[in-house]
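K.L.:
The lines below spell out each chain.
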Amino acid sequence: MSTVQLAGRSVEVDAEGFLLHADQWDEQMAGEIARENGIQTLTDRHMQVVEFMRGTYLETGSAPSIRSLGKTSGVPIKELYELFPKGPAKLAAKIGGIPKPRGCI
Amino acid sequence: MSVPRIVILGGGTGGTIVANRLQRHYGQRAAITVIDRDDDHVYQPGLLFVPFGLADARELVRPRHAQLRPGVEFVIAEIESVDRDHDAVQLREGGRIDYDVLVLATGARLAPEETEGLIGPAWGDSIHTFYTLEGAVSLRRALQGFTGGRLLVNVVDMPIKCPVAPLEFCFLADWHLLQRGLREDVEITFATPLDAAFTKPVASAQLGAMLAQKGIAVEAEFAAGRVDPDARRLYSWDERELDYDLLVTIPAHAGARYLERSPGFADELGFALVDRYTLRSRAAENVFAIGDVSDLPTSKAGSVTHFEAEAVVENICRHLEGDELTGLYDGHANCFIETGFHKALLIDFDYDNEPLPGRFPEPHLGPLQLLGESRLNHLAKLVFQPLYWHVLLPGHEIPGVGAEFRGSERAGAGQQPGAPA
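Chains D and P, in that order, give the protein sequences. Position one of the first sequence corresponds to residue 1 (the numbering used here), numbered consecutively onward. Position one of the second sequence corresponds to residue 1001 (the numbering used here), numbered consecutively onward.
Keep in mind that a hint or two might mislead.
Stated by the list, open to error - Simulated crosslink set (EDC-like; lysine to aspartate or glutamate; CA at most 20 Å straight-line):
id : chain 1 : residue 1 : chain 2 : residue 2
1  : D       : K86       : P       : D1195
2  : D       : K90       : P       : E1113
3  : D       : K78       : P       : D1352
4  : D       : K100      : P       : E1221
5  : D       : K78       : P       : E1113
6  : D       : K100      : P       : D1352
7  : D       : K90       : P       : E1219
8  : D       : K71       : P       : D1352
Rather than coming from a laboratory, the hints here were simulated on the basis of the structure.
Excised from the complex, chain D in its bound form (with noise of 0.2 Å):
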């Protein structure tokens, strides 16, 4: 755990970068955390996904994995990696300031 500067404010991230205290986020931190993490500019599309994962991790206390992200999110699998190169379920969780995506066991 360590703290780091985004966006002018001080917030608390673990070892990956991950927020750990959804509440200290913010849409100025969002385009900060993706420039870091090689996504220049954050697109409409990309903000639907970022906004649907901390909607659903906000409601449920989970995030969705990439195969529910496909079937509930509006967006496609094929162009959620087109979008968020590697790993979206963990990039978009990442931009929008919440915990990495438990995965599973």
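For chain D, the structure is supplied; the task is to place chain P on it using the hints.
P.N.:
Just chain P now, kept in the frame of chain D:
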């Protein structure tokens, strides 16, 4: 009411244990019905051994009805949906079965159709799974005819039943090929969507080291998207490619279709939405779930189902008496991991504590060793099969192995399981 009607959907591990325990508790004072689509109870932990000729497929199957105590009614029918407003199960062929308490115990289903190219002419030829009885048998034939090339073992997506089974398959394949003098002619690759061999850090490091030692390549964070069966190539969603001669797939899993047709019962993958401690359905107060059918954040495994049974049975009794639910499941899971060469590893964990070295079932004493390879662990896994039919399914306790996780009594384990949320 007169005698309560308890209806259990699914006559597998969870449904059978719950039916038998409830029958023993209530005797004539409850009407217990188990519904399943067929009468074949498969000992699923045995499937792993079939491809290597270490288990006979026919010996893994027994009639479902014969595992149920006298007094439990067994019905063969396809379930259409659950009508929570009228407390009734709608059957596919028409007819309804009313219940006072319903138990969802239908397990997880395989969904190979969700991966493009998996199902087709190559299915059963160059593409196999050992997660079904027929699949395990056809893989046995394929392995017998396999004399060299690329063996690719792929987990399509999590969650899956018995998350360690694909690793065990790799270990046993290594051993099998070595015995046949073919190991040097075969490249074994394990491709997983996880970022390492397993999810829990300490166990993952140990298992990862064992894969490396056996010369099994790991492709981590590989989210399988489609298969080109003609080119024998597996693609990830981010366009990585893996060529194979023999593909052993663990297809995506899903819950149950009848739950998807029952509003409020399931998540988007068809798994039953339940309270993680009481195992009560989020859809209705008089519905509970046990085993792989649920969306609980723990392993889909027989041990989990066995440990859940205690809470489910207690809560059904409390519910019928109009009391608060007191049965709490702690996420306890354990599993033997076959590593080949007559050895196995054992892991034990719960919602809050990851698998760590130690002794099981008695902390410090054992006799079984946790997170370490041993012959005794392998023997214990073999002994488990008769215990399954004769002790576990009838609903008896396995001596020394309680439902509650005891890892926190072991040196070096983490804190007590958290309080119910």
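K.L.:
Compare the structure with each hint and give your call.
P.N.:
Hints versus structure:
Between K86(D) and D1195(P) the alpha-carbon distance is near 11 Å, which keeps this suggested pair within the 20 Å criterion. Distance check on the hinted pair: K90(D) and E1113(P) sit about 25 Å apart at the alpha-carbon level, beyond 20 Å; violated. A distance of roughly 34 Å separates the Cα atoms of K78(D) and D1352(P); the hinted pair therefore is violated under the 20 Å criterion. For the hint linking K100(D) to E1221(P), the alpha-carbon distance of about 14 Å falls within 20 Å, and the restraint holds.
Restraint check for K78(D) and E1113(P): satisfied, since their Cα atoms lie roughly 17 Å apart, inside the 20 Å limit. Taking the CA atoms of K100(D) and D1352(P), the gap is about 16 Å. The hint holds against a cut of 20 Å. For the given pair, K90(D) sits about 18 Å from E1219(P) by alpha-carbon distance, which is consistent with the 20 Å threshold. Only pairs whose Cα atoms come within 20 Å are accepted, and K71(D) paired with D1352(P) is rejected, the gap being roughly 29 Å.
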